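Construct the entire structure; sequences and hints are all you get.
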Amino acid sequence: MINSHLNALRLGFSTKQADIIQSVGLDKYLQHQLDAKVLVKEPLFIANSPKSLDEFRSMREAVKGNEEEIQKIGQYINQTNFQFKAWVMQRFDESEYPLREKIALFFQNHFVVTLQSVRVPYWVYLHYQTIHQHALGNYKTLVKEMVYSNALIKYLDNQQNVKNKINENLGRELLELFSLGEGHYTEEDIKNVARALTGLSFGKEKGMYRPLLKDNAAKTIFGSTGNFDASDAIDLIFEKPQVAYFLVEKVLKWFFFDQPPKHLIEKYGKVLLQHQYELKPFFQEMFTQECQHTLGGNQIKNPLVFFLQVHHDLNITPNYKLLAFILKSQAMDIYDQPNVKGWKGGKEWLTSQTYADRNQFIDFLIDGNEMFKKQLAKRLERFEVGTIDLLPKLVCNNPKNASTILEELTNRMIFETNPEMVSELNQILKYDFDPKAANAHQIMLRVYQYLAKSPEFQII
Amino acid sequence: MERRKFLQLTATGTGGWLVLPQFLSASNWLANEENSSDQVLVFIQLNGGNDGLNTFIPCTDPLYYEHRPKIGITKSEIIQAINGMGFHPALKDLAKIAQEGNLTVIQNVGYPNPNRSHFRSQEIWQTASDSHQYLDHGWLGRFLDIQCANELVPSLNIDPIDNLALKAQKSNGLTVKDFQKIKCYQTEGEELKLSNNPQLDFVRKLQYASTEGMEEIGKALKKAAYFNESYANNPLAKNLEWMAKLIKGGLHSKVYYSSLNGFDTHNNQLQIHQKQLGILNDAIYSFYKDLKKNALLSRVTLVVFSEFGRRVKENGSGTDHGTAGPMLIIGGNNKGKVIGSNPNLSQLQQGDLVFETDFRSVYATLLQAKFQFSPASIQIKNEALKGVF
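Chains A and B supply the protein sequences, listed in that same order.
Counting in this note's numbering, the first sequence tops out at residue 716, every number present.
Counting in this note's numbering, the second sequence tops out at residue 394, every number present.
Worth flagging that the hints you see were computed from the coordinates, not collected in a lab.
For clarity, every value in this text was computed on a predicted model and none was experimentally measured.
Check each hint, because a few of them may be wrong.
Computed list of lysine to aspartate or glutamate pairs in DMTMM-like fashion (alpha-carbon distance at most 20 Å, straight line) [claimed, not checked]:
hint: 1; chain 1: B; residue 1: K318; chain 2: A; residue 2: E604
hint: 2; chain 1: A; residue 1: K509; chain 2: B; residue 2: D141
hint: 3; chain 1: B; residue 1: K210; chain 2: A; residue 2: E604
hint: 4; chain 1: B; residue 1: K224; chain 2: B; residue 2: D43
Dropping the structure here:
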C-alpha cells in the first residue's frame, strides 16, 4: 500500500487527503493539521432546539394530555438527533482538518454521551464543542471540563448524586474509563470520589454545584483527606502516572493498533508525562513516529472509515443521513454508543453479519439491486434524506493496461496481497483488457468490488 | 425442593397442554436423523445486571421490605412458589413452567471477589475466569473447540454483536443479527488461507464462517419449513423461534445464545423491570410451548443468567450494581427444584448478597450432565453442582 494512502486512512476517515500528504510531506501535513484553529459554528437545528432538560420538559408539559402532540415532540427530538449525526459526519468528511475531527471523535468515544439518553441535543452539541476546544490542550483540563459537561452529568446520572444519597455512576466511570482503568483503585476510592461529585448538577452552559446538595464532610482519596470537590479529586487522580498509560493505550488503539505493543504504550506514556499531559506535543510525536515506522495490517477498519473511503474511491457524494443510518446497523451509531464504555473497536467492528452487510452494500453500488433499493428507500422514508446519488465512478490515474490498473488499485486499497488474490484479480482483469473498451469502466469496477470485499480491505 | 411441593404451593391456575398426535412432533419426524438425540444448550444473557431479589423474591423476609420500601414488590402480587420465595408477577408463565416441574432455580449464584463493572463481570461469566484472571476465549468456545472441532456451525449467536462466551480458537461460531436478512447471502465456499497476521486471520475466518455456515443454516431452515408455531411478538421471542426452527431442522450447533438488554435499573426500576421481565417471560414461554409440543424439551436446556444481581438496598427509584443472583434452568430433564438457601438479607457484604454457588459449578454441571464432558479440560476446576439434572 502506498504510504500516503495508509496514513490518510489513519489520520482521517478516507484516502481523500492522500494526495496532499504525498505532496507536502508527512511532517508539514501534521503541522498544518495540529496548528489549525478549528471553528465550530452552531448549526440552525441546534439553535432552535430546547436548551435544557427543563425546556424539553416544559415543551412536553405544554401539550400534556394530547397524545398526538407529545408524539410529535418525540419525533422532533429524534429528527434533531438524526440531523446532529448527519451534521457531525459531514464535518468529519468535509473538514479541511480531518485529523482534528478524528481526535475529537476519539474523545467522544472516551467520554461517551449519547443523544438517546441525554435527550437535549444542545447539550450534546456543547459536549462536542468543548472537546474541540480542549482536545489539543491539557488532558487534565479536558477531564475536568468533561466532568462539568451537562451532557455527561445527565448521561451518568450525576444530578442524582447528592449528599447522603450517593449515586456512584460518574465517580466510578471517572476512575474506570476516564483516568486509571480497572484495577487501579478500590471500591472505597469510588465512594469517596463520588462524594466529591455530590451536588454537581446541570447549569446553563456547563454543570455547577448545588451547595445544599454537596457533601462537605472530609473525603479520603488515595490516602489524602480533605473536603474535595470534582477538580480536587481529578488533581489527586492525575498524580498517578497510570492515567497517562491508560490514555495512551486507547489512543494507539484508535489510530494504529488493535493490540498496541507494550513498549509503545510505555514510550508514549512517558512522552505524555514529560509534557505534563499537554496533548498537542504528545500527538505530534506519536503521529510523526508511528506514521513513519508502523506498517499496515494492524487494525480492523471501523465502519465510518470503510463507508467514507468507499464513497470517495467511487466518487459518490455521501448522503450523511444515509450514512448515519448505515453506521447504526454497523454497530457504530454515531453519538449513540451501546454503553458507557464506548465502541471497543478491533474485532468488535466485524461480525459475520456486519461483514456481509458491508459486502452487500458494495454489491449494491456496483451491481445494483432493485429489491435492496426499495427496502432502503422504505426504511429511510421518515428521515427526509433527500436525494441519494449512488452512481459509482472509478478513476485510475494510469489506466494503460490491466497490470497498471491492478497495481494502482491494490496499492491504493489494500495493505498486502497474496498469490491467490493476484491470480483471481488476473482473472477479473485479464492481461489483454482494453482500457478503451465500452465496458471498461464496469470491469474496472469489478476489480474494485473484489478488492473492497476482500478481508484485506477490512484492515488498515 | 421437590416438584410435588411446587405444585401445591404455586398460586396460579393449572395450564395443562393438549396431547398432540405423534405425527406432529418434531422428534418423531427427526427419528431417523443421526443427531436426533443430541443435547442442545440455549443461553439467554440478561444484560445490565438483573435484580435477582425482584425476580425470585424472598417475600416473607421482612428485611426485604425494609431494604426496599419503594421498589419492593407488593406481597399480594408476588406469585408464591415455595419456602418463602415467589416470582415477580411478570413471570407468571415461568411460575407455570416451575409448577410443571421443568424449571430449576439456583439461588445466590456468583463468584469470589465480585466485580461490579458490567463489562468486566460479563467477561468473567463469559470466560469462566477467576475474578482477577483474563482469558481470551470463552468457556463455550473452549468447550466447542474440543467437542465439535469439525462442525461448520458449532454455535449460533443471534445478537447484534459477537459473544465472548463463544469465542473459540479453532471453530468460529456464527453471529447473526437478523435472520430475515441473512438468508440473502449465499456465496460459494473459499479455501481458508492462514497468515501470520491475527487481524487478517480473524477477518478471513469470519468470511469463511459466514459463507460456509450460511449453507448449513439454509439447509436446516428448509427442513424445518413444515413447522410453524406462534410466538410472542418481541425480538427475544423471535430469536428463540429461529433457534427452535434450526434445532428442528437438524442444525448441528450444540450451543445457541442470545441476550436481552435493559436490566441496568438505576432508575425507574419498577416499570422497566416489569417490562423486561414480561418480555423474558413471554419469549421463554413461547419457546417452552413449542419445545414441549414437539417433544424436544428433554433435548434442549435453556439457561438464563445475568452478570450480577443488584444492591439489596434500593437507591432512589432503582438499585445499584450488586453481586449474586439467581440462575434459571428450563428443560433438559432438570429436576425442577429450588437449589440453595434463600438470600440472606441479614448478612451482607458491602450491602450486597454473599454468593453461595459459584457460576462455574453450574457450567460444570451443564457440561457433565449434558455432554459427559470433563470441565477440567477447559480449566473449570469447580465441582459440578448437584441436584440440577
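Hint numbers contradicted by this structure: 1
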